[in-house]
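Q: Please model the entire structure based on the sequences and the hints provided.
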Amino acid sequence: MKMMRLALVPALFAALLSITGAVSAQADRSHNRVLAAFRDVVSESSKSTVQITCDGQKSALGAIVDANGFILTKASEIKGKIECQLHDGRKLEAQLVGREPNMDLAMLKVDAKDLPVISWREADAPPVGSWLATPGLHKDPVAIGVVSVSARKISAPFGYMGVMPEDDEAVARIASVSRGSAAEKAGLLAKDVITKINGKEVKGRKQLVDTIHGYQPGETVELIVQRGTEELNVRVTLMSLSQIAHNDRGQPDRAEFQNSLGGALSDRRAGFPLAIQHDTVLRPSECGGPLVDLDGKVIGINIARAGRVESYAIPAATVKSILADLISGKLSPMPTAEKVADKPAIPTAEPEKKVQ
Amino acid sequence: MRRTVTAWWFFSLLTMAALALGGIRGSQAEEAAPTPPTPPAVTPATMAEAVSDGLSKILMGGAPSTVADLKAMQERVQKLSDKLMLATVGVQVGQAQGSGVIVSKDGYVLTAAHVSGNPGRDVTFIMSDGKTLKGKTLGLNRTIDAGLMKIAEGSDFPSVEMGLSNILKDGQWCLATGHPGGYQPDRKPVLRMGRVLLSDNSTITTDCTLVGGDSGGPLFDFDGKVIGINSRIAGPINANMHVPVNTFKDTWDRMVKGDAWGHLPGNAPYLGVKGDADSKEAKIATVFPDTPAAKAGVMVGDLIISVNEVAVADYVAFQKMINDHQPGEELKLKIKRGDMDVEIKVKLAKRGG
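The listed protein sequences correspond, in order, to chains A and B. Our numbering applies: residue 16 is where the first sequence begins, and numbers increase by one. Our numbering applies: residue 549 is where the second sequence begins, and numbers increase by one.
It cannot be assumed that every hint is accurate.
Stated by the list, open to error - In the BS3-like style, the derived pairs of lysine-lysine whose C-alpha atoms are separated by at most 25 Å in a straight line are:
{"id": "1", "chain 1": "B", "residue 1": "619", "chain 2": "B", "residue 2": "698"}
{"id": "2", "chain 1": "B", "residue 1": "619", "chain 2": "A", "residue 2": "62"}
{"id": "3", "chain 1": "A", "residue 1": "154", "chain 2": "A", "residue 2": "73"}
{"id": "4", "chain 1": "A", "residue 1": "128", "chain 2": "A", "residue 2": "335"}
{"id": "5", "chain 1": "B", "residue 1": "773", "chain 2": "B", "residue 2": "822"}
{"id": "6", "chain 1": "B", "residue 1": "631", "chain 2": "B", "residue 2": "822"}
{"id": "7", "chain 1": "B", "residue 1": "627", "chain 2": "A", "residue 2": "312"}
{"id": "8", "chain 1": "B", "residue 1": "619", "chain 2": "A", "residue 2": "312"}
{"id": "9", "chain 1": "B", "residue 1": "831", "chain 2": "B", "residue 2": "797"}
{"id": "10", "chain 1": "B", "residue 1": "653", "chain 2": "B", "residue 2": "619"}
{"id": "11", "chain 1": "B", "residue 1": "679", "chain 2": "A", "residue 2": "168"}
{"id": "12", "chain 1": "B", "residue 1": "619", "chain 2": "A", "residue 2": "154"}
{"id": "13", "chain 1": "A", "residue 1": "312", "chain 2": "A", "residue 2": "62"}
{"id": "14", "chain 1": "B", "residue 1": "797", "chain 2": "B", "residue 2": "631"}
{"id": "15", "chain 1": "A", "residue 1": "312", "chain 2": "A", "residue 2": "94"}
To be verified - Partial list, computed: chain A residues near chain B (C-beta under 8 Å):
{"id": "16", "residue": "146"}
{"id": "17", "residue": "164"}
{"id": "18", "residue": "218"}
{"id": "19", "residue": "270"}
{"id": "20", "residue": "277"}
{"id": "21", "residue": "278"}
{"id": "22", "residue": "324"}
Simulated from the structure, these hints should not be mistaken for lab results. We put the CB at the ideal spot given by N, CA and C, even for glycine.
A: Structure, rendered in structure tokens:
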């Protein structure tokens, strides 16, 4: 056994060298020489791209959609004090003036006039295999890629706490808490009665399940819990069904683990009415800005780094349909109390035992 | 640093058997390929169109330098993509979900060995239009992670040709397809573009990003020919490994026959004995404590007569026979112990596990 491990070391070492070689290869897709070929492609759109910082942190890119200072970006990355850096170097404070939760888009407003506006692609969405560039503020694009899948709906997975409720439609009482679950981490116990979720009263098993399913994995909900005579406030960060099932069995979630290899993912990365999938490798903070074709026309807004092999963009036509409402303030920036998320009718996998 | 080289095998989303031993093992020594290669009949190159010198230089490893170059590349990919998608299939074998590519009109499908698992298993193929077809797994070379399968119903399947993996150039442009995360009815096979970063007889590394579910899917050159099969990844985003397609061609007859050989990394069988080098028979010199052999009661001095009723000539032959089995399999050993005949059942463990 020991012999085998030792025997493997040279193989590992060889692999290490080769992969290190790969990282610094002369010839990877995103090599400087390849990026440089895209300079003409992004020369116009980069002037309409802004770098957004929130509380001093680079949080997202944005797209200038109106010359009077309206900037579109990814809503869930925006918080705190917002500053936009323009292509010309100006740094301007921005206000949040609109939000569309289903697409996760937000409208910012800066005090400026005559800004260069992005130029939308008027033709149909580009076919699979088309080159795409994500402009930043510099002459080379931030990243490049190709269309992997034409636009489709990206369903939002249900959020799970990992509790089995009692079969009672009057009271939402926990029968058991599954091992390593979100509920266990939050300190929930069997016999606890959940009375409110984010301020909304829940009565009975079904309401509990339906309400929690209205949120996505990664979202945090605030519960009011009755434990004996005590009333407690409990914050639970929801998990996916697969995480709950794996933790309960004490096994790592391989799919999630593999998707995390190669870089961080956007927190909000599912539940979009329509999205083009492309293979551009983006950081979460590089989402929110324009995505252009080889003619420099904007084909969509990057909305999520969703996995090791996938980034999503909301198609131009879909974005354009809500622009006026985002600018006019019709789509209020205040987060809605009750979430209306785009959910599949049936979860894609059944739990081994019924959780929640 | 070491941690970044571990390769994670794409066991399906459902199969949770941990197989996290990295490194790429040299496999050539183990395969003294006996049968002369007989690759399947292929249709004449239909994709071999006139390509401008400039584009061809780029495709073979150069960098595009103008928007016109990029457009020429894009046009080629757009032209190819339908054909590549049609030949890419989703596969389900037992609990495993992966991908595959049809390489002949009569339905031979290349995949990864860790998707097909064993010869003779039932496979459900999911075509690009969502139609499902039944078939079987054939042979597999586990060491290099190559597996062959065949669709059993229908004919005249959309197929692509196998290309050459021995003439790949560093920087050569390539395309990968597959079903990352498993087949999804509302999603066609997923296209990725990248370049060959490294290649040798056992592995092609590219920056076409892969993830679980892509296993068994094809890596194409810009002629639309299969040059590799998606196999595994390591931490860095540009460490995506594929099985070179030549391995299929070199061992085609064995694969078609349903031979299975080699072991996935980290999945070699382990008995826990050492032979007596001075003996002409399969004589046990050492039984390591706490091993399958020790637990089953194999003793020093035992002569192994047969394994599963197959006679054993000497210790080298015995070792080879053990190596033809998989961890978890139970073997029946006939043993001569002094003047006694002993029969022992022993369940193989995983080497290093």
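Q: Hint residue 146/A vs chain B: min CB-CB distance below 8 Å?
A: It holds, given that the least Cβ distance between residue 146/A and chain B is near 5 Å, below 8 Å.
Q: May I ask you to test the interface hint for residue 218/A with respect to chain B, counting a Cβ-Cβ separation under 8 Å as satisfied?
A: violated (35 Å)
Q: Next pair to validate is residue 154/A with residue 73/A; report whether the Cα-Cα distance is within 25 Å.
A: holds (19 Å)
Q: Could you grab the alpha-carbon distance between residue 619/B and residue 312/A and see if it respects the 25 Å cut-off?
A: Distance ~14 Å between residue 619/B and residue 312/A Cα, so the pair holds.
Q: Tell me if residue 324/A is really an interface residue toward chain B, meaning its C-beta lies closer than 8 Å to one of theirs.
A: The hint holds - residue 324/A has a Cβ within 8 Å of chain B, the shortest such distance being about 4 Å.
Q: Given the hinted pair residue 797/B and residue 631/B, is their Cα-Cα distance within 25 Å?
A: Distance ~22 Å between residue 797/B and residue 631/B Cα, so the pair holds.
Q: Does residue 62/A sit within 25 Å of residue 619/B, going by the straight-line distance between their CA atoms?
A: At roughly 23 Å apart (the allowed maximum being 25 Å), residue 62/A and residue 619/B satisfy the hint.
Q: Just to be careful, I want the Cα atoms of residue 679/B and residue 168/A compared with a cutoff of 25 Å; is the pair within it?
A: It holds: about 21 Å lies between the C-alpha atoms, which stays within 25 Å.
Q: At a threshold of 8 Å, is the proposed contact between residue 164/A and chain B supported by beta-carbon distances?
A: holds (6 Å)
Q: The hint names residue 270/A as touching chain B; please verify it with the least Cβ-Cβ distance against 8 Å.
A: holds (5 Å)
Q: Hinted pair, alpha-carbon criterion (25 Å max): residue 312/A, residue 94/A. Please report holds or violated.
A: violated (29 Å)
Q: Holds or violated: residue 653/B and residue 619/B, Cα atoms, limit 25 Å.
A: violated (32 Å)
Checked against the numbered hints given earlier, the structure breaks hints 1, 5, 6, 9, 10, 15, 18 and satisfies all the rest.
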